[in-house]
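Participant: Residues per chain, in single letters:
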Amino acid sequence: MYGVIIALIPAVLASILYFGWGAVIVISAAVFSSVLFEFLIQKFLLCKKTTIHDGSAIITGLLLSLCLPSNFPVWLIIPGSLFAIGVGKLSFGALGNNPFNPALIGRVFLFISFPAKMASWPDAQGFQTQYVDANTGATPLSIIKEGLGKGDSISHLMDKIPTYQQLFFGNMGGSIGEVAAIALILGLAYMLLRKIITWHIPVSIIFTVVIFTGILWLINPEQNADPLFHILSGGILLGAIFMATDYVTSPMTGKGMILYGICIGILTVVIRRFGSYPEGVQFAILIMNGFVPLINYYIKPKRFGEEVTNG
Amino acid sequence: MSKMLKTFRKGGIHPPEYKLTGKNPVKILPLPEKVTILLSQHIGVPAIPVVNKGDTVKVGQLIAQGRGFVSASIHSSVSGKVVKIDSIPDHTGYKKPAIVIEVEGDEWEENIIKSTDLRKDITLSKDEILEKIRESGIVGLGGAAFPSHVKLILPKNKKAETLIINGVECEPYLTSDHRLMLEYGEEMMVGIHILMKVLNIRKAIIGIENNKADAVCFLKDISSKFPGIEVYPLKVKYPQGSEKQLIEALTGREVPSRKLPIDVGVIVHNVSTAYAVYEAVQKNKPLINRIVTVSGKSLKNPSNFVVRIGTPVRFLIEAAGGLPENTGKVISGGLMMGKTINSLDVPVIKGMSGILVLPEDETKRKSIEPCIRCSKCVTICPMGLEPYLLMPLTQNGSFYRLEKQMVLDCIECGSCSYICPSNRPLLDFIRLGKTEVTKLINERK
Amino acid sequence: MSSILLTILSLSSIGIIAAIILFLFAQKFKVLENPIIFDVEDALPAANCGGCGYPGCKNFAEACVNSDTLDDLYCPVGGQETMDIVANLLGKEAKQTDPRVAVIRCSGSFENRPRTNYYDGASSCAVASALYVGDTDCPVGCLGMDDCVDVCEFEAIYMNRKTGLPVVIDENCTACGACVEACPRDIIELRKKNKNDRHIFVSCINTEKGGIAKKYCSVACIGCTKCFKVCEFEAITMGNNLAFIDSDMCTLCRRCVTECPTHAILEINFPPRKIKTDKENALMKRDE
Numbered sequence: 001m002y003g004v005i006i007a008l009i010p011a012v013l014a015s016i017l018y019f020g021w022g023a024v025i026v027i028s029a030a031v032f033s034s035v036l037f038e039f040l041i042q043k044f045l046l047c048k049k050t051t052i053h054d055g056s057a058i059i060t061g062l063l064l065s066l067c068l069p070s071n072f073p074v075w076l077i078i079p080g081s082l083f084a085i086g087v088g089k090l091s092f093g094a095l096g097n098n099p100f101n102p103a104l105i106g107r108v109f110l111f112i113s114f115p116a117k118m119a120s121w122p123d124a125q126g127f128q129t130q131y132v133d134a135n136t137g138a139t140p141l142s143i144i145k146e147g148l149g150k151g152d153s154i155s156h157l158m159d160k161i162p163t164y165q166q167l168f169f170g171n172m173g174g175s176i177g178e179v180a181a182i183a184l185i186l187g188l189a190y191m192l193l194r195k196i197i198t199w200h201i202p203v204s205i206i207f208t209v210v211i212f213t214g215i216l217w218l219i220n221p222e223q224n225a226d227p228l229f230h231i232l233s234g235g236i237l238l239g240a241i242f243m244a245t246d247y248v249t250s251p252m253t254g255k256g257m258i259l260y261g262i263c264i265g266i267l268t269v270v271i272r273r274f275g276s277y278p279e280g281v282q283f284a285i286l287i288m289n290g291f292v293p294l295i296n297y298y299i300k301p302k303r304f305g306e307e308v309t310n311g
Numbered sequence: 001m002s003k004m005l006k007t008f009r010k011g012g013i014h015p016p017e018y019k020l021t022g023k024n025p026v027k028i029l030p031l032p033e034k035v036t037i038l039l040s041q042h043i044g045v046p047a048i049p050v051v052n053k054g055d056t057v058k059v060g061q062l063i064a065q066g067r068g069f070v071s072a073s074i075h076s077s078v079s080g081k082v083v084k085i086d087s088i089p090d091h092t093g094y095k096k097p098a099i100v101i102e103v104e105g106d107e108w109e110e111n112i113i114k115s116t117d118l119r120k121d122i123t124l125s126k127d128e129i130l131e132k133i134r135e136s137g138i139v140g141l142g143g144a145a146f147p148s149h150v151k152l153i154l155p156k157n158k159k160a161e162t163l164i165i166n167g168v169e170c171e172p173y174l175t176s177d178h179r180l181m182l183e184y185g186e187e188m189m190v191g192i193h194i195l196m197k198v199l200n201i202r203k204a205i206i207g208i209e210n211n212k213a214d215a216v217c218f219l220k221d222i223s224s225k226f227p228g229i230e231v232y233p234l235k236v237k238y239p240q241g242s243e244k245q246l247i248e249a250l251t252g253r254e255v256p257s258r259k260l261p262i263d264v265g266v267i268v269h270n271v272s273t274a275y276a277v278y279e280a281v282q283k284n285k286p287l288i289n290r291i292v293t294v295s296g297k298s299l300k301n302p303s304n305f306v307v308r309i310g311t312p313v314r315f316l317i318e319a320a321g322g323l324p325e326n327t328g329k330v331i332s333g334g335l336m337m338g339k340t341i342n343s344l345d346v347p348v349i350k351g352m353s354g355i356l357v358l359p360e361d362e363t364k365r366k367s368i369e370p371c372i373r374c375s376k377c378v379t380i381c382p383m384g385l386e387p388y389l390l391m392p393l394t395q396n397g398s399f400y401r402l403e404k405q406m407v408l409d410c411i412e413c414g415s416c417s418y419i420c421p422s423n424r425p426l427l428d429f430i431r432l433g434k435t436e437v438t439k440l441i442n443e444r445k
Numbered sequence: 001m002s003s004i005l006l007t008i009l010s011l012s013s014i015g016i017i018a019a020i021i022l023f024l025f026a027q028k029f030k031v032l033e034n035p036i037i038f039d040v041e042d043a044l045p046a047a048n049c050g051g052c053g054y055p056g057c058k059n060f061a062e063a064c065v066n067s068d069t070l071d072d073l074y075c076p077v078g079g080q081e082t083m084d085i086v087a088n089l090l091g092k093e094a095k096q097t098d099p100r101v102a103v104i105r106c107s108g109s110f111e112n113r114p115r116t117n118y119y120d121g122a123s124s125c126a127v128a129s130a131l132y133v134g135d136t137d138c139p140v141g142c143l144g145m146d147d148c149v150d151v152c153e154f155e156a157i158y159m160n161r162k163t164g165l166p167v168v169i170d171e172n173c174t175a176c177g178a179c180v181e182a183c184p185r186d187i188i189e190l191r192k193k194n195k196n197d198r199h200i201f202v203s204c205i206n207t208e209k210g211g212i213a214k215k216y217c218s219v220a221c222i223g224c225t226k227c228f229k230v231c232e233f234e235a236i237t238m239g240n241n242l243a244f245i246d247s248d249m250c251t252l253c254r255r256c257v258t259e260c261p262t263h264a265i266l267e268i269n270f271p272p273r274k275i276k277t278d279k280e281n282a283l284m285k286r287d288e
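Chains as they are written, first to last, in the numbering used here: chain H, 1 to 311; chain R, 1 to 445; chain E, 1 to 288.
Keep in mind the hints are simulated off the structure, nothing from the lab. Mixed in with the good hints, there may be bad ones.
With a cut-off of at most 20 Å between alpha-carbon atoms, the simulated PhoX-like pairs for lysine-lysine come out as follows [said to hold, decoys possible]:
(1) R:Lys158 x R:Lys95
(2) R:Lys53 x R:Lys95
(3) R:Lys58 x R:Lys81
(4) R:Lys96 x R:Lys159
(5) H:Lys255 x R:Lys158
(6) R:Lys156 x H:Lys302
(7) E:Lys215 x R:Lys96
(8) H:Lys300 x R:Lys84
(9) R:Lys96 x E:Lys209
(10) E:Lys214 x R:Lys95
(11) R:Lys95 x E:Lys215
(12) R:Lys237 x H:Lys195
(13) R:Lys159 x H:Lys300
(14) E:Lys209 x R:Lys84
(15) E:Lys209 x R:Lys95
(16) H:Lys195 x R:Lys10
(17) H:Lys49 x R:Lys53
(18) R:Lys159 x H:Lys302
(19) E:Lys193 x E:Lys95
(20) R:Lys197 x H:Lys302
(21) R:Lys96 x R:Lys156
(22) E:Lys229 x E:Lys209
Pairwise CB distance ranges (calculated) [what the hints assert, rightly or not]:
(23) E:Arg255 x R:Arg401: 48 to 56 Å
(24) E:Thr7 x H:Leu218: 50 to 58 Å
(25) R:Ser125 x E:Gly53: 58 to 66 Å
(26) R:Gly105 x E:Lys209: 47 to 55 Å
Predicted, not measured: the structure shown is a model, and the values here were computed from it. Backbone N, C-alpha and C define an ideal beta-carbon position, used for all residues, glycine too.
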């Protein structure tokens, strides 16, 4: 578990670099309140042994904060983490039993309950000391979505959004954790190297998104953004690397993981392109979380000696 | 070496090797004062004693006759007087029937050839050899202790193509097979020829993990003198010493669920078994001793000993420098699959390949955390099972579902318990589940 | 206006079609069931404990209705009362069965039974028992890892952490037999429930010879036959170095309890014995 926290360090550092104090406040508030709620609920409400030492509450807090805007008010972070920990995790019987990723539960709870607060994204403008008064703007994804809604074409809209280089290094508006692609890829490399996760889920999600958006782009490049833009903008990398790979809520077998990843990829693009929200990763992952028991039930590892091969 | 070394495909782990005694030549242990020979040292029906209390026995004399097909005879490993035929606690602490012999001198049966000269010519016929192996009480010495003659009698409609000799020794610490291959290599090769003659096949493969490079080189050198025997180095991976995994690694064939190796035309025997066959057939010597590795980082002189069956474990540990003060557990067998012994008075049995003395801090189990479904156990299970699922099914008593999840395929290698980040006792429960499911199936018959 | 009408029409037509489909399916897959089964099921305690030998109360009710006699059928939770009601409903005769209660036939507490090793494996009696003899030398004694406590659905058994032995709460025990099944060492026995829940039993099942048994555990039955000799009602039988008290024959006279040299025979729920004064002792001696 602590390996995941180490893997998140580059993303946290990048967010502080880009958003300054706002990021520090949001991250520390979310982590601290998640751990505190886990402790309080387990100790006093459930009267059980507390399990904050396993680090899962820290991860939940970190992941929740990383998908919030840097000017998000603290008084909303607290109910967010309460919902993530209380409803998302402990109500199902603590670590190991929750069907849905708790951080995403918290994020979606905030996203649906306070859409206005969750739609104003401060621009990443280097280290800033202001907290609430940052310049806000739309994310590249919502620029595209709104533009297309108004009848603009992609080639025209592309001028309004940051360049790919900016997208890669995180110089854009968005939630504090998802902007810097490079930091997230560093985290992925660390987790693969330490064998914390396997390649199946991140690779299959990203691959599916590339293929699917590529097909759409080839069909009509004026209405659909290109695959590279889709990968680098929004929460796909954060979701594919850290959210979808959550041990508890992902399938057990390699084949199952690939199926899960492909479905998340397709759902994400469908929501982004055809749905009403500009971003779909969080919903896609939560929907597929619900299917994980089914995937585990039907997709079994290849038993030894199942098919006799003649070598 | 340009060619990729072979290994089995699915799962597997790489525990630290700790082969402390790989370079120590085998020492012959002096005789203890008293030996306790258990009557059930093999899989199958326990043997029936054919001596009485007060009888004088010689080394190699039959003291208990195997009964039924799957059973093995037991011979006295020392000369002396039978002082007790009673139930004695074995390594589990439960009492099992045993014969206790007080050692007097070292007088061998007359027909046993004690010289160490290599006798290469196989003079006996096929049936005579088989009878000799059965009489000598030879069992699989790799650990499972399955009576060897049973494996050599083929079902009528099956044909063996390949004989695989298991020199993998994938368990950490253990080096008894390694030393045997180095020091008794030629004898073992003759033993393999004997087995080939019984099975009427031309080809035998010795599979050895590549961490025993000296044994591989040595056997490759002498294999030119023994036609039909090939030596294959294998990539190090646990549990390669398991029969099914070894067959897959060497031949690419997978033994189907609940079938035997003969169903894919393969017979597997351990290197120590091949050596025991040589001694039984060429020297008339029944299975009365074996090589046991006594190892552990805290031991003063970890060694490989030639030990008479029935010697108390205490005697072995004292010969290896005595029991260190901080000992937490003494394990019989390997680190991964072995079982903790309850008392040091437990005797050496035919299937005991090692005694491990582990300090307290190494053996302490860490606290059990909830399963986080990290899927590590599924990834490493060499049999393609789902240990994370099998444990709660056993706990909840869902034995029908357990059977459907093919729990009986489990080879009890312990890889799942080893890899689990939450320190869950997966194998403990799977073992229980296997017993319950076996009961269920027997009831159905 | 027309849109409202259209809505009403379309919704009601959907409703009607659905109703027809449901009706057809209900006809097609109708399960004919004897209604009396439901009555019987209502009379049962609905514990679904499996103590009767059937998976649930419904199955037991079916068995009651379908079988000719109620002789082999008994609901241990409901007891005689419930069986009488069931018998009344079905017009059958209920066999008189004595209520029973579980007893733990092991007194090997931490104090009485010396620990010889330390077990740190999975906390389950079944696992430990399959693995080895346990953390004492006694191969049949209680392992104290809560298997019986976990299966009890009536909170009738708890683990005394001071002694390491389970304790049965007689008022809650329904004699469903779940703990008897769960115990890998077979030390739990269902015995006749006497008046005021009093019972006397040999709290040991060790069949080793006296000396060895005593070494394992200071309160083991050593097979000395003293209780056997003192019992006037032939309630005690000896076998395999072990005494057994037949609860049907026992008159609860407590002679054997005083006689047992190792205190292996327990008396439960009896009023405390009157402590005899020195004078009375002297009088008794004189009488002898």
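Participant: If a hint holds in the structure, say so; if it doesn't, say that too.
Facilitator: Each hint tested on the structure:
1. R:Lys158 x R:Lys95: 40 Å, violated
2. R:Lys53 x R:Lys95: 19 Å, holds
3. R:Lys58 x R:Lys81: The given pair, whose Cα atoms are some 9 Å apart, holds under the 20 Å limit.
4. R:Lys96 x R:Lys159: With Cα atoms ~38 Å apart, Lys96 of chain R and Lys159 of chain R exceed 20 Å; violated.
5. H:Lys255 x R:Lys158: Outside the cut-off at roughly 36 Å; violated.
6. R:Lys156 x H:Lys302: Violated. Lys156 of chain R to Lys302 of chain H sits at ~31 Å, over the 20 Å cutoff.
7. E:Lys215 x R:Lys96: 19 Å, holds
8. H:Lys300 x R:Lys84: 54 Å, violated
9. R:Lys96 x E:Lys209: 16 Å, holds
10. E:Lys214 x R:Lys95: 16 Å, holds
11. R:Lys95 x E:Lys215: OK: Lys95 of chain R and Lys215 of chain E at ~15 Å, within 20 Å.
12. R:Lys237 x H:Lys195: It holds: about 17 Å lies between the C-alpha atoms, which stays within 20 Å.
13. R:Lys159 x H:Lys300: Answer violated: Lys159 of chain R to Lys300 of chain H is near 33 Å, above 20 Å.
14. E:Lys209 x R:Lys84: 16 Å, holds
15. E:Lys209 x R:Lys95: Roughly 13 Å between the alpha carbons, so the hint for Lys209 of chain E and Lys95 of chain R holds.
16. H:Lys195 x R:Lys10: Judged against 20 Å, a Cα distance of about 17 Å means the pair holds.
17. H:Lys49 x R:Lys53: Status violated; Cα separation ~58 Å.
18. R:Lys159 x H:Lys302: Roughly 28 Å separates the two Cα atoms, so the pair is violated.
19. E:Lys193 x E:Lys95: 17 Å, holds
20. R:Lys197 x H:Lys302: Violated, at about 37 Å.
21. R:Lys96 x R:Lys156: Judged against 20 Å, a Cα distance of about 36 Å means the pair is violated.
22. E:Lys229 x E:Lys209: Cα-Cα ~19 Å, so holds.
23. E:Arg255 x R:Arg401: 48 to 56 Å: Given range 48 to 56 Å: holds, Cβ gap about 52 Å.
24. E:Thr7 x H:Leu218: 50 to 58 Å: Violated, at about 44 Å.
25. R:Ser125 x E:Gly53: 58 to 66 Å: 59 Å, holds
26. R:Gly105 x E:Lys209: 47 to 55 Å: Hint violated: Cβ distance 33 Å, outside 47 to 55 Å.
Violation of the numbered hints given earlier is confined to hints 1, 4, 5, 6, 8, 13, 17, 18, 20, 21, 24 and 26; the remaining hints are satisfied by the structure.
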